[in-house]
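K.L.:
Counted the way the working numbering counts, the sequence shown spans residues 7 to 308.
Since the hints were made in silico from the structure, they are not lab data. Since we're looking at a predicted model, the values are computed, not measured. Among the clues, some could well be false.
Simulated DEER-style distance windows between Cβ atoms [as the list claims (entries may be wrong)]:
| # | residue 1 | residue 2 | range |
| --- | --- | --- | --- |
| 1 | Lys-143 | Asp-199 | 20 to 28 Å |
| 2 | Asp-56 | Lys-249 | 21 to 29 Å |
| 3 | Arg-98 | Asn-262 | 39 to 47 Å |
| 4 | Phe-306 | Lys-143 | 45 to 53 Å |
| 5 | Gln-134 | Asn-304 | 27 to 35 Å |
In silico DMTMM-like cross-links for lysine to aspartate or glutamate, where the CA-CA straight-line distance does not exceed 25 Å [what the hints assert, rightly or not]:
| # | residue 1 | residue 2 |
| --- | --- | --- |
| 6 | Lys-302 | Glu-280 |
| 7 | Lys-260 | Asp-199 |
| 8 | Lys-138 | Glu-282 |
| 9 | Lys-78 | Asp-250 |
| 10 | Lys-150 | Glu-232 |
| 11 | Lys-281 | Glu-174 |
| 12 | Lys-78 | Asp-199 |
| 13 | Lys-222 | Asp-79 |
| 14 | Lys-32 | Glu-290 |
Note that the Cβ used here is the ideal one computed from N, Cα and C, for glycine as well.
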Amino acid sequence: MSYNLITILGPTAVGKTNLGVNLAYKFKGEIISADSRQVYKGMDIGTGKDLTEYRINKTNIKYHLIDVINPKDEFNLFEFIKYFNTAFSKIRKRSNTPIMVGGTGLYLNSILQNYKLNKADFNDSYIQQLKKMSTEKLALILKKLNLKLHNTTDLLNRERIIKAIAVEKSKLKDDLITSNINSYNIGIFLSMDKIKEKIKIRLKHRLENGMIEEVKSLLDSGISYERIKLFGLEYKFIAMYLKDKLNYNDMYQKLNSAINNFAKKQMTWFRKMEKEGCVINWIEGSDYTKAQELIKRNYFNE
7 MSYNLITILG
17 PTAVGKTNLG
27 VNLAYKFKGE
37 IISADSRQVY
47 KGMDIGTGKD
57 LTEYRINKTN
67 IKYHLIDVIN
77 PKDEFNLFEF
87 IKYFNTAFSK
97 IRKRSNTPIM
107 VGGTGLYLNS
117 ILQNYKLNKA
127 DFNDSYIQQL
137 KKMSTEKLAL
147 ILKKLNLKLH
157 NTTDLLNRER
167 IIKAIAVEKS
177 KLKDDLITSN
187 INSYNIGIFL
197 SMDKIKEKIK
207 IRLKHRLENG
217 MIEEVKSLLD
227 SGISYERIKL
237 FGLEYKFIAM
247 YLKDKLNYND
257 MYQKLNSAIN
267 NFAKKQMTWF
277 RKMEKEGCVI
287 NWIEGSDYTK
297 AQELIKRNYF
307 NE
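Start from the sequences, fold in the hints, and give me the full structure.
P.N.:
Take a look at the structure:
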């Protein structure tokens with residue numbers, strides 16, 4: 007089988023970036039980030055951009071879809087696919103290897119299963135109508151459009167429901183864009199106990215090394231408290247701490263728990279992708295030797 011993309015996916019804290027960058031160094035690759043928060047400028051520590059990792063042996067590994075938009079602005083699935091297609095095309099023209107790395111299930115799925123979207127669905131008058139409806143009514147509309155809806159947490163956030171309705175409606179349209187991708191997919195897994203430990207260590211490190219200051223800086227720059235909360239996880243709970251809605255210990259405990267739950271939801275999404283026919287070749291941990299061997303044999307047919 008002929009592939010034109012390598013994808014490295016997995017839950018948070020398993021070492022996707024490090025593995026992806028090392029593989030890019032080995033196979034003359036460029037990274038395309040599939041992370042819904044790394045697109046925002048100034049959101050570095052909380053999103054785990056780890057930009058220092060993109061330099062290996064005095065070589066800068068080129069990356070895409072990181073730091074492309076201001077946090078005050080909206081970024082949606084259509085924009086992600088548009089940016090992805092542009093980056094993918096440029097990488098292929100340079101005869102380099104495109105490597106998509108990330109854990110945002112919707113973004114990954116849109117490329118790996120070739121979603122077809124219509125830009126108007128995110129901006130037209132229908133969206134304005136949706137914004138006037140109650141959360142309960144919106145949830146009913148989404149459930150009718152997606153009978154297999156599995157992530158019930160998305161039914162609690164109006165903005166997410168509206169975006170999800172737009173995505174579902176857009177799949178029914180004829181004015182389409184698509185990626186025409188055939189990806190070789192490597193998934194990184196670890197036991198939940200190991201993931202929990204990694205999350206705990208990483209969270210303590212981030213809190214002690216500027217993450218609180220990062221959220222404060224975003225608030226000071228004029229981004230509203232409500233907007234910051236929409237970014238979830240680190241941004242939500244630290245903003246609540248900075249606004250005296252939570253004390254430090256409660257913030258830490260709630261945030262740690264939320265990140266662990268997020269990792270579980272990511273794995274649920276990946277299992278759903280597999281059930282829908284997406285082939286993921288799982289490796290334990292960010293095993294560079296194993297990943298390199300799989301890519302040589304299957305992507306490059308060596």
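K.L.:
Would you mind marking each hint as holding or not holding in the structure?
P.N.:
Hint check results:
For Lys-143 and Asp-199, the hinted distance range of 20 to 28 Å is not satisfied, since their beta carbons lie about 42 Å from each other. A hinted range of 21 to 29 Å for the beta carbons of Asp-56 and Lys-249 is consistent with their spacing of about 28 Å. Separated by about 41 Å at the C-beta atoms, Arg-98 and Asn-262 satisfy the suggested range of 39 to 47 Å. Distance hint for Phe-306 and Lys-143: a CB-CB separation of about 51 Å, consistent with the stated range 45 to 53 Å.
Between Gln-134 and Asn-304 the CB atoms are about 47 Å apart, so this pair departs from the stated range of 27 to 35 Å. Using a Cα cut-off of 25 Å, the hinted pair Lys-302 and Glu-280 holds, with the two alpha carbons roughly 23 Å apart. This hinted pair checks out: Lys-260 and Asp-199 have alpha carbons roughly 18 Å apart, not beyond 25 Å. Simply put, Lys-138 and Glu-282 have alpha-carbon atoms about 34 Å apart, too far for the 25 Å limit, and the pair is violated.
Between Lys-78 and Asp-250, the direct Cα distance comes to roughly 23 Å. Compliance with the 25 Å bound is thereby established for this hinted pair. Simply put, Lys-150 and Glu-232 have alpha-carbon atoms about 29 Å apart, too far for the 25 Å limit, and the pair is violated. Taken as a hint, the Lys-281 and Glu-174 pair is honoured in the structure, with Cα atoms around 19 Å apart against an allowance of 25 Å. Of the supplied pair hints, the one linking Lys-78 and Asp-199 is violated, its CA atoms being roughly 36 Å apart against a limit of 25 Å.
Pair hint Lys-222 plus Asp-79 holds up; C-alpha atoms about 18 Å apart against a cutoff of 25 Å. Distance check on the hinted pair: Lys-32 and Glu-290 sit about 20 Å apart at the alpha-carbon level, within 25 Å; holds.
Hints 1, 5, 8, 10, 12 from the list above are not met by this structure, while the remaining hints are.
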